[in-house]
Amino acid sequence: MMKENSLKIKNPYLPYPARIEDVKVETEDGKLKTFRLIFEDDLLREKWEHIPGQFAMLSLVGHGEIPIGIASSPTEKGYLLFTVFRTGKVTNALHQLDKGARIGIRGPLGNGFPVKDELKGKNIVIIAGGFAFTTLRATLLYMLENRDQYGKITVIYGARSPGMLLYKEELEKWQKRDDLNLYVTVDREAPGWTGLVGFVPTITEQVSPSPENAAALICGPPIMIKFTMPPLEKAGWKDDQVYLSLENRMKCGIGVCGHCNVGPIYVCKDGPVFKRSELNKLPVEY
Amino acid sequence: MEPLKIDKENLKDILQVISKDYKTFCPQKTDKGFRDWRIINRDTEFDSEFFSYFDEVTLPKSSIKPFFFPQPETLLTFNYDPKAEDAFLPKQCLDKEPDKIDTVLFGVRPCDARSLILNDMPFKDDPYYNIRRKKIFLIGISCTKQSSTCFCLWTGGSPLGTDGLDIILHPLDDETGYVIEFISKRSEELKDTIFPEKFCSKASQSELDEIAARKEKSKSALKSMPNLAEQLKQKELMAVYNAPFWQDVAMSCINCGACTFLCPTCYCFDIQDEVVKKRGRRIRYWDSCMFPLFTQHASGHNPRGDKVKRVRNRFLHKFKYFPDRFGPVSCVGCGRCIKECPVNIDIREVIRNLLAVK
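In the order they appear, the protein sequences are chains A and B.
Heads up: the first sequence at position 208 corresponds to 208 in our numbering, and the numbers run straight through without jumps.
All you need for our numbering is the position in the second sequence, starting with 1, plus 1000.
The reader is advised that the hints may include incorrect statements.
[As the list claims (entries may be wrong)] Here are the simulated lysine-lysine pairs, BS3-like style, with alpha carbons at most 25 Å apart:
#, chain 1, residue 1, chain 2, residue 2
1, B, Lys1358, A, Lys281
2, A, Lys275, B, Lys1309
3, A, Lys99, B, Lys1278
4, B, Lys1091, A, Lys226
5, B, Lys1135, A, Lys10
6, A, Lys47, B, Lys1091
7, B, Lys1096, A, Lys10
8, A, Lys269, B, Lys1124
9, A, Lys10, B, Lys1124
[What the hints assert, rightly or not] A short list of chain A residues far from chain B (calculated; beta carbon distances all over 12 Å):
#, residue
10, Val23
11, Ile66
12, Arg102
13, Lys173
14, Val186
15, Arg188
16, Phe227
Worth flagging that the hints you see were computed from the coordinates, not collected in a lab.
Don't be surprised by glycine CBs; every beta carbon is placed ideally from N, CA and C.
Take these sequences, add in the hints, and give me the full structure.
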């Protein structure tokens, strides 16, 4: 079967078989787990390529498929990471799976962040809230691996509480780097927490990143995005410097089934990454 | 290739020849009283009722969509027995002889046939759809009359249109028979098998002239129509989106989805998994943007939670989003949605309203 569907997808509905190599509970409420997946096909494992910000359909036969952002960077070879919030039918089934279980992957899908084009040479500001940090983790890691291709990198990441932060060990490691300005914040004071306290928009206002030769990549709950924009605009940011990643219900992932359209565009095929200036011209159906 | 002529009384022979080698479907009166696509077999009665279809203006109740989008269609199969070696391993369910024609649709109206050309655009890379396109042969019948709900000319089609067809029959004015026009390359290859010489003759010059004159007339009628797609493409997206008339259309709409299921160019689908006794399959089946669940996130958030947003999405997909992306409007003017809408929403009125948006 792998022969007919190796690397170049001829049947875009046929998932690549993969196995769960590891499962890590990320947050204190247990609702977020990171799944480390490896393809069953050796060649595919070796040749797989994606762009940070792209997603894949995780396929659990008997349950269905879900579009999930790829949390691993293309520079991490041999496996893929997906951080999944348990919320619906398929994510509930996925959360019950353990190491060794078989799963399917369709992808990579969507456009991703333009890390190899428009973002090159720019100062990068990454702003993330809650569990929307996943594809931005991939992006950040990619940029750190290709550090000389980007200017100043600033990351503002917030969660409800310290226990709700994703990738805690990595955050600690990144804190120590001198080629990265990392601001990790939690919504309110918590025992043992010595870092920043405050919502992401507030911290953004305090940091007030310079818009000069810069691009902002923002992922988070709609409410966070809404309130993060005014401080950025105050600092002189324009909408065509701001990249957002959309989510919508999806079925096919290849721009056919009609579920994820926002006006004339398909989130799955034309997105999920859009400039804010592009979104301003579209209906708010996301 | 030279057109042939077939006499009315020979249609039956032709249908018998074709249905011997192919699964052949033709619009026939059903026991429910309306006309719909039914297979031709030994029980088919070739009576005057049967043949009246070719002289009437009635469309079959359903379009030819179900032949290209089976309801449901199996995409993948899988073994759901966890102890099996191939447990949870999906296998694709594609036809083994993708190039072999196995089905003939006889009596397709030009509007329905044209829907294929439009659906081909989004389904360009869809192997399931493309295989069916190759396996199904279409013999059309041009329209000499129009019903009150027909509006193919508005959408760029024509009562004599050949888009999507392999062969078209043109009824002659004297009602003695039909001129057979071969359109696709594969129709030439199949000519002798499905229209054998003994049942056909060469079309005479006067018969050819008659059809040519009819085509000319239809062409000039089409020319006098406004180019809907071009006009709508020039409209500002948010201007048509925010037009006030959507509230009125949505007011009466009950989101039943009948229009989307009847529509030959509504192609949205859902994908679901089914498991029966450890044997599973992944199926796709028709979905409708009229339904609230169509866009609802697992979180409960719904980007098109309001009825007006859903109604607007269906029409704007056809007349703005699709043309902006692919060129033509995604409507063939068959009028089924007008005829069957339980609350009398008329798509032509929506088009007029759209054209009036400044």
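**Study point:** Given hint A/Lys226 paired with B/Lys1091 - CA-CA distance at most 25 Å
**Key:** Measuring from Cα to Cα gives roughly 44 Å; hence the hint is violated.
Point to revise | Least C-beta distance from A/Phe227 to chain B larger than 12 Å | key: 18 Å, holds
Exercise for review: For the pair we were handed, A/Lys269 and B/Lys1124, check the Cα-Cα distance against 25 Å.
Suggested key: Judged against 25 Å, a Cα distance of about 14 Å means the pair holds.
Point to revise | A/Val186 and chain B, when compared Cβ to Cβ, separated by more than 12 Å | key: 22 Å, holds
Point to revise | Pairwise hint evaluation, B/Lys1278 against A/Lys99, where the allowed Cα distance is 25 Å at most | key: 22 Å, holds
Check your understanding: Given the proposed pairing of A/Lys275 with B/Lys1309, does the C-alpha separation stay at or below 25 Å?
Key -> 24 Å, holds
Point to revise | Outside-interface status for A/Arg102 - nearest CB in chain B farther than 12 Å | key: The assertion about A/Arg102 is violated, with a minimum of 4 Å to chain B.
Practice item. For the pair supplied as a hint, B/Lys1096 and A/Lys10, confirm whether the alpha-carbon distance does not exceed 25 Å. Key: 15 Å, holds
Exercise for review: Measuring Cβ to Cβ, find out whether A/Arg188 lies farther than 12 Å from everything in chain B.
Suggested key: Holds, since 23 Å exceeds 12 Å.
Review point. Can the restraint linking B/Lys1358 and A/Lys281 be considered satisfied, given a maximum Cα separation of 25 Å?
Key: 17 Å, holds
Check your understanding: Closest CB-CB distance from A/Lys173 to chain B, is it above 12 Å?
Key -> Given a closest Cβ separation of 31 Å, the condition holds.
Point to revise | Beyond 12 Å from every chain B Cβ - status for A/Ile66 | key: Nearest chain B Cβ is 8 Å from A/Ile66, so the label is violated.
Comparing the model with each numbered hint stated earlier shows that hints 4, 11, 12 do not hold.
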